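Chemist: Here are the chains, one letter per residue:
Protein chains: 2
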Amino acid sequence: MAGSSLRRVKIGLAYDGTNYSGSQMQPTGPTIQSVVEGALERLLDEPVRIRTAGRTDAGVHARAQVADFADHGRRELATIVKGGNALLPADIRILSAEEVSPGFDARRHTAGKEYRYFLHLANVCSPFFARHAWHIEKTLDLQSMREAMSHLVGEHDFTSFRAAGCAARDAVRRIDHAALTERHPSLWSIDLRGSGFLRHMVRNIVGTLVDVARGKIPAERVAELLVLRDRQLAGMTAPPQGLFLWEVWYDEPPVL
Amino acid sequence: MAGSSLRRVKIGLAYDGTNYSGSQMQPTGPTIQSVVEGALERLLDEPVRIRTAGRTDAGVHARAQVADFADHGRRELATIVKGGNALLPADIRILSAEEVSPGFDARRHTAGKEYRYFLHLANVCSPFFARHAWHIEKTLDLQSMREAMSHLVGEHDFTSFRAAGCAARDAVRRIDHAALTERHPSLWSIDLRGSGFLRHMVRNIVGTLVDVARGKIPAERVAELLVLRDRQLAGMTAPPQGLFLWEVWYDEPPVL
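Chains as they are written, first to last, in the numbering used here: chain A, 15 to 270; chain B, 15 to 270.
Treat the hints with caution; some may be incorrect.
One copy or two, it doesn't matter: identical chains are merged, so the pair holds either way.
Straight-line alpha carbon distances no greater than 30 Å define the calculated DSBU-like cross-link-like pairs of lysine-lysine that follow [what the hints assert, rightly or not]: (1) K230 to K96; (2) K96 to K152; (3) K230 to K152.
Everything labelled a hint here was simulated from the structure, so no lab data went into it.
The model shown is predicted, which means the values in this text are computed figures rather than measured ones.
Just chain A, same shape as in the assembly (with noise of 0.2 Å):
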């Protein structure tokens, strides 16, 4: 493809992952990633391939997540914004639509990423909740679960947390902030803000944290997890509908 005719596209996408396969292709079932392609191709007339800055799990919604994309600029960047939500399905959104240098890429150029997981400790689920959140019945430990999610600040080598198929060479990562905070009355947020994230790595960190605000794990075990990594040796995976791409960000604009 000639460089000089495309424009490289980049969008910010939130959607509702309950209906959906996860953000990329599978063969398994609609993904954000062919349902958004395919509006885009509709509305733009030519072949798009989206990349999304985070990979997100079957289930697993997205309040910020970014893609990018090529295209010979036959639309505007508002109709992309406007045309593209006509034709996606309510549970997908385009939020936003800017013209990029031709090298950016969402994936490989993002600085830091935040996810937050929300728990929902109440005797009864909300159906309001249900969808976004992890419902937990039994009272929780939450001084010791701040406690666990102290080690896991800094740069850590994450293997004890990652998923059996994750693919990342190396399991090094740093987490630069770790939070549990109540964000309305009973619902409560594990934020983590770091520089990359393996797969199933919040999901695999959430289970750990509330096996430790059972009782089941006492804190200070985190820290030796990080040491063993051992994926046998820490909690369960969460559940996908708590979980939530919340944020990603860019240094500077990539040069080529």
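With chain A's structure known, arrange chain B on it following the hints.
Modeler: Chain B alone, transformed into the frame defined by chain A:
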């Protein structure tokens, strides 16, 4: 049925009305009433007929609906909550169950109710608000809306805001509180507390208030509409998905 062998049970209900044809029996599809009665009948092994405090239309939600029914007390109250929820779909929850005096009537004995209607004011509709708010893209004049709301407080004849098929004998109702509040960035609620509400009254009021906020109707026109008592003159009916039955309250327990 002999009164002495029957127990009167008051339950709290929360539901996401998206997938239901309203709170009451309808020939057109499953209702909150039919689904709750079906679950309770399975649990209690006897016919159950519930009475709800407030009727909710198709697609309307309840944060805290109240209902009552009579049974033979075969199950403990805690089991009605636990066992009922195990039999109900996740979009309907029994929040609580308590025994009340045999003459209690969840509908007739209400002292007041609060409804909240959520407006999502944003260029692009968030996939997380789409099921529970009315998305409005155009900028609204919220000050005019507040002025219009002030005319609603007090005892008025709400004929201009009742549905054509509303069966209530008279249309005089008292609104004690009307407020517009930003609950979350881009998510506003119109809260109406009052003695009672006519069919479609909240949605017709909200539709008219949005017409005011769009500059289609002057704010003081709302005071005139109350006097004119003509549904044809007021604004549109707001869509159902923004409406929540928020709270129901009772004076003293009814004495037989």
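Chemist: Tell me the numbers of any earlier hints that the structure contravenes, in ascending order.
Modeler: As far as the earlier hints go, not one is violated by this structure.
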